[in-house]
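Protein chains: 2
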Amino acid sequence: MSKTLALLIALSITAPVFAGNVVLIIGDGMDDQQISIARNYLVGTRGMLSVDKLPVRSNVQVLTVSDKDPSQPVYVADSANSATSMASGVVTSRGRIGTTAGTDEDVVNIIELAQQHDIRTGLVTTASITDATPAAFYAHTNSRGCQNPEMMVNAEFYPRFFVDCSADLKSNGGKGSIAEQLVTSGVDLMLGGGLKHFTLASEGGGDEVISLAEQAGYQLALDLEQLNSIEQGKLLGLFSSSTMPVIWRGEDDRAAEQSEMTWPGLIHWALGEAIDPEPMRCEDNPEFAGQPTLQQMTEKALSILDSDDGDFFLMVESASIDKQAHYRKTCGSIGELQQLNDALDSASNYAQKHPDTLILVTADHGHAAQIVPDASLFASSPYPIYRPGRLSRIITPQGNIMAVNYGTSDFFTEEHTGVSVPLMANKVALGRLPSMISQPQVFNIVRDYLIEED
Amino acid sequence: MSKTLALLIALSITAPVFAGNVVLIIGDGMDDQQISIARNYLVGTRGMLSVDKLPVRSNVQVLTVSDKDPSQPVYVADSANSATSMASGVVTSRGRIGTTAGTDEDVVNIIELAQQHDIRTGLVTTASITDATPAAFYAHTNSRGCQNPEMMVNAEFYPRFFVDCSADLKSNGGKGSIAEQLVTSGVDLMLGGGLKHFTLASEGGGDEVISLAEQAGYQLALDLEQLNSIEQGKLLGLFSSSTMPVIWRGEDDRAAEQSEMTWPGLIHWALGEAIDPEPMRCEDNPEFAGQPTLQQMTEKALSILDSDDGDFFLMVESASIDKQAHYRKTCGSIGELQQLNDALDSASNYAQKHPDTLILVTADHGHAAQIVPDASLFASSPYPIYRPGRLSRIITPQGNIMAVNYGTSDFFTEEHTGVSVPLMANKVALGRLPSMISQPQVFNIVRDYLIEED
Chain A
1 MSKTLALLIA
11 LSITAPVFAG
21 NVVLIIGDGM
31 DDQQISIARN
41 YLVGTRGMLS
51 VDKLPVRSNV
61 QVLTVSDKDP
71 SQPVYVADSA
81 NSATSMASGV
91 VTSRGRIGTT
101 AGTDEDVVNI
111 IELAQQHDIR
121 TGLVTTASIT
131 DATPAAFYAH
141 TNSRGCQNPE
151 MMVNAEFYPR
161 FFVDCSADLK
171 SNGGKGSIAE
181 QLVTSGVDLM
191 LGGGLKHFTL
201 ASEGGGDEVI
211 SLAEQAGYQL
221 ALDLEQLNSI
231 EQGKLLGLFS
241 SSTMPVIWRG
251 EDDRAAEQSE
261 MTWPGLIHWA
271 LGEAIDPEPM
281 RCEDNPEFAG
291 QPTLQQMTEK
301 ALSILDSDDG
311 DFFLMVESAS
321 IDKQAHYRKT
331 CGSIGELQQL
341 NDALDSASNY
351 AQKHPDTLIL
361 VTADHGHAAQ
371 IVPDASLFAS
381 SPYPIYRPGR
391 LSRIITPQGN
401 IMAVNYGTSD
411 FFTEEHTGVS
421 VPLMANKVAL
431 GRLPSMISQP
441 QVFNIVRDYL
451 IEED
Chain B
1 MSKTLALLIA
11 LSITAPVFAG
21 NVVLIIGDGM
31 DDQQISIARN
41 YLVGTRGMLS
51 VDKLPVRSNV
61 QVLTVSDKDP
71 SQPVYVADSA
81 NSATSMASGV
91 VTSRGRIGTT
101 AGTDEDVVNI
111 IELAQQHDIR
121 TGLVTTASIT
131 DATPAAFYAH
141 TNSRGCQNPE
151 MMVNAEFYPR
161 FFVDCSADLK
171 SNGGKGSIAE
181 QLVTSGVDLM
191 LGGGLKHFTL
201 ASEGGGDEVI
211 SLAEQAGYQL
221 ALDLEQLNSI
231 EQGKLLGLFS
241 SSTMPVIWRG
251 EDDRAAEQSE
261 MTWPGLIHWA
271 LGEAIDPEPM
281 RCEDNPEFAG
291 QPTLQQMTEK
301 ALSILDSDDG
311 DFFLMVESAS
321 IDKQAHYRKT
331 CGSIGELQQL
341 NDALDSASNY
351 AQKHPDTLIL
361 VTADHGHAAQ
371 IVPDASLFAS
381 SPYPIYRPGR
391 LSRIITPQGN
401 IMAVNYGTSD
411 FFTEEHTGVS
421 VPLMANKVAL
431 GRLPSMISQP
441 QVFNIVRDYL
451 IEED
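If you're matching them up, the sequences are chains A and B in order. 1 is the number of the first residue of the first sequence in our numbering; add one for each residue after it. 1 is the number of the first residue of the second sequence in our numbering; add one for each residue after it.
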């Protein structure tokens, strides 16, 4: 490369930035293992997914701190603190939504900043619209579990796993549940699941939260037909009771399973034979039928947010890459990664026509799944080789078997991991994106591009 | 960015390339999990390793095929086929060194091409210089196990794990063992471990391989002092019997260990308590003392290969990131990643003075280790949560505990994984490196830069 070009690139990093649209696409738990699994299945090892074709790539260090001592790092994030990083540029502790570790103070997020500049905003997700990732873009609570008025006093986040939302009760001077904060958020468009969080009386026995949303000017869409019928204006789409059903599942809804050892293996580890689970195909999830796809929601969002006289910020989340990985459902995660690629295609088509549109695609944290050899690397040895966790053996469309291992937990749900995560971007990001950043810098990059500096 | 700049970048991708030096640094098994583990330990979550500071980043799809049917993909590589990809641009099957899957034909490697253009070449590794990664840059065998004349007839690659080297016996028309092929390779400089592969009679009861190397003009260096004393000329350094000792180990050489369940857990999974292994510090490995570091070997290689009248190709491998991960030794892998960063620093210093030097840093395949939450994400639940594999709980220099999970196998050695791997490069690569490539393209990038096109 010529010295002139190198100089121009160096200059472009420090040059004043121009305002434009930002589409931030988050694959929840979408680390490089998840992308590689999806690539192998969807396009083959020599193919490229839409995320792979984006011309700019960076690497993101995820940051989490201890709630007890925020000066201390914690090495694995959850979606609440990592979404807070991206939405607000602030490192916090696990479970927190838009609040600081330890001190529980609200932090300003990108949507609040955008609104100060009359920039339109939208959030699209396949999770409940009150779930951690979207919530961090409009709400402030001390726990992700505080999703609705009922959970404020009885937040059973998982069975027998409670969180304390008392500090966020309006009666205690807080801002109320995440669903109630959504009503007053002013976000122009929000599409996802989570209807059950809105069909409850608001705190203190007031109107149902969904009525409050209508009173605040939101048109409601509760199915694809209603979504299609709305062309403009403030919009709240709630297409399922909780997380939206995923598009794919394993044969007969199978998850990864434990290998079994034949009886001589009970006597000595070097005896017997390890029997891996039967291979499975992926199939359509019958529960998905009729739901809007992530792509349909994204296209509606782009259509409504688009205008001649201003820019917008849109966050699109494919949430169940993570949720299906927790449950060791490889086909589920692959299908949701396909959904993300389809949504990216729509964003890329939009950016073709509106070249001031910055598209960023990233993950919030790593996950448990790993592609492992279907026959062990050491299969020629005379010993039985056993996987200690759970294994999916997925039959790809090419007819090969891809083995995916889940070995972080024996609980009903796998753990996240602390790996750095990928960040891909369209050509608008050339010269704006260092080769490695920390997760809070995602916020800075979005803000610097979205909001013209005076 | 201005349209002019975008145009210039587009042009630079297709513009004629200029010949220069290439330093290809391979971290064996150095996926983003391994780098994140090392980052957390060596510089803290908010720090950056030397590999992180490289300004260009890409993502590499690893490709492997079945030996029985080379049209079929295999989803997890070993170091032999992945090094063959990088050395020769050819996708092959696991275990193969510079030969084609199924048909066992030799493929031309980058060192052979360089020699045709009078470009000097060097190989540096912490493994045996006959181990898979370096071997793929100069040898052609049907199995990585065929390292020396004795293994040609009795290749016990792991205990009770044999490979068949008969096709490569000279007496069968082959090129002989990897060590014998090294002697005739013409590579200017090779530094690493593996002395035991050279102190054997060559095939047919001839001279010891090490004598043949001297007869071929190689100066021998068997320790750091001898290495320091040699300033120029052909050089073979063999600093340990097999793999060189690693610089760090866990306290008292501890590896990751299984968690234990208290007795009520034997009655029902929801009872009892899971007791994780005790935390450990990393410490110096006493066996390392006096060995040349990877950085010292790299600096010697740069010093000898450097000349006013020609370019060079140098491959530097930190091999035991992988080997220590197989044995679930987190501190071992961290130390070897530190060695890689130190070697990179030396290469970067060289490139400062010789700005036509392209530096590429990549991994050959993914590995088992995963950073997991030290206290489970679900620790607030009342159930005992058990890791099915092995766990290291590493006390970082900051005094925090980083938990690293190994859950791909119950065997004495973990599996590789099929994740795409990172590729980082210095600024010379700007405009030459797409955001995603397949592993054989590493060869193309090296070749196109190293060898001036007519």
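In case anyone wonders, no lab produced these hints; they're calculated from the structure. Treat the hints with care, since some could be wrong.
Estimated spans, in silico, between C-beta atoms of each pair [stated by the list, open to error]:
{"id": "1", "chain 1": "A", "residue 1": "Ser71", "chain 2": "B", "residue 2": "Trp263", "range": "52 to 58 Å"}
{"id": "2", "chain 1": "A", "residue 1": "Thr199", "chain 2": "B", "residue 2": "Ile401", "range": "39 to 45 Å"}
{"id": "3", "chain 1": "B", "residue 1": "Ile275", "chain 2": "A", "residue 2": "Ile267", "range": "24 to 30 Å"}
{"id": "4", "chain 1": "B", "residue 1": "Trp263", "chain 2": "A", "residue 2": "Gly186", "range": "29 to 35 Å"}
{"id": "5", "chain 1": "A", "residue 1": "Asn444", "chain 2": "B", "residue 2": "Asn349", "range": "27 to 33 Å"}
{"id": "6", "chain 1": "A", "residue 1": "Gln352", "chain 2": "B", "residue 2": "Asp284", "range": "54 to 60 Å"}
{"id": "7", "chain 1": "A", "residue 1": "Gly102", "chain 2": "B", "residue 2": "Asp284", "range": "32 to 38 Å"}
{"id": "8", "chain 1": "A", "residue 1": "Gln258", "chain 2": "B", "residue 2": "Asp223", "range": "32 to 38 Å"}
{"id": "9", "chain 1": "A", "residue 1": "Gln258", "chain 2": "B", "residue 2": "Ile275", "range": "18 to 24 Å"}
{"id": "10", "chain 1": "B", "residue 1": "Ala379", "chain 2": "A", "residue 2": "Gly206", "range": "33 to 39 Å"}
{"id": "11", "chain 1": "A", "residue 1": "Ser242", "chain 2": "B", "residue 2": "Gln72", "range": "38 to 44 Å"}
Keep in mind that this is a model prediction, so the values were computed, not measured. Positions of the beta carbon are idealized from the N, C-alpha and C atoms, including for glycine.
Quick rundown of the hints versus the structure:
1. Range check, Ser71(A) to Trp263(B): Cβ separation about 39 Å, and the 52 to 58 Å hint is violated.
2. Evaluation of the 39 to 45 Å hint for Thr199(A) and Ile401(B) yields a pass: the beta carbon distance comes to about 43 Å.
3. At roughly 26 Å, the beta-carbon separation of Ile275(B) and Ile267(A) lies within the given 24 to 30 Å, and the hint holds.
4. Against the hinted window of 29 to 35 Å, the Cβ-Cβ separation of Trp263(B) and Gly186(A) comes to about 57 Å, which falls outside the hint.
5. Between Asn444(A) and Asn349(B) the Cβ separation comes to about 31 Å, which falls inside the hinted range of 27 to 33 Å.
6. Taking the beta carbon of each, Gln352(A) and Asp284(B) are about 57 Å apart, inside 54 to 60 Å as hinted.
7. Taking 32 to 38 Å as the suggested C-beta distance range, the pair Gly102(A) and Asp284(B) conforms, at roughly 37 Å.
8. Between Gln258(A) and Asp223(B) the C-beta distance comes to about 50 Å, which lies outside the given range of 32 to 38 Å.
9. Between Gln258(A) and Ile275(B) the beta carbons are some 22 Å apart, a value that agrees with the proposed interval 18 to 24 Å.
10. Restraint check, Ala379(B) to Gly206(A): a C-beta distance of roughly 36 Å satisfies the suggested window 33 to 39 Å.
11. Range check, Ser242(A) to Gln72(B): Cβ separation about 41 Å, and the 38 to 44 Å hint holds.
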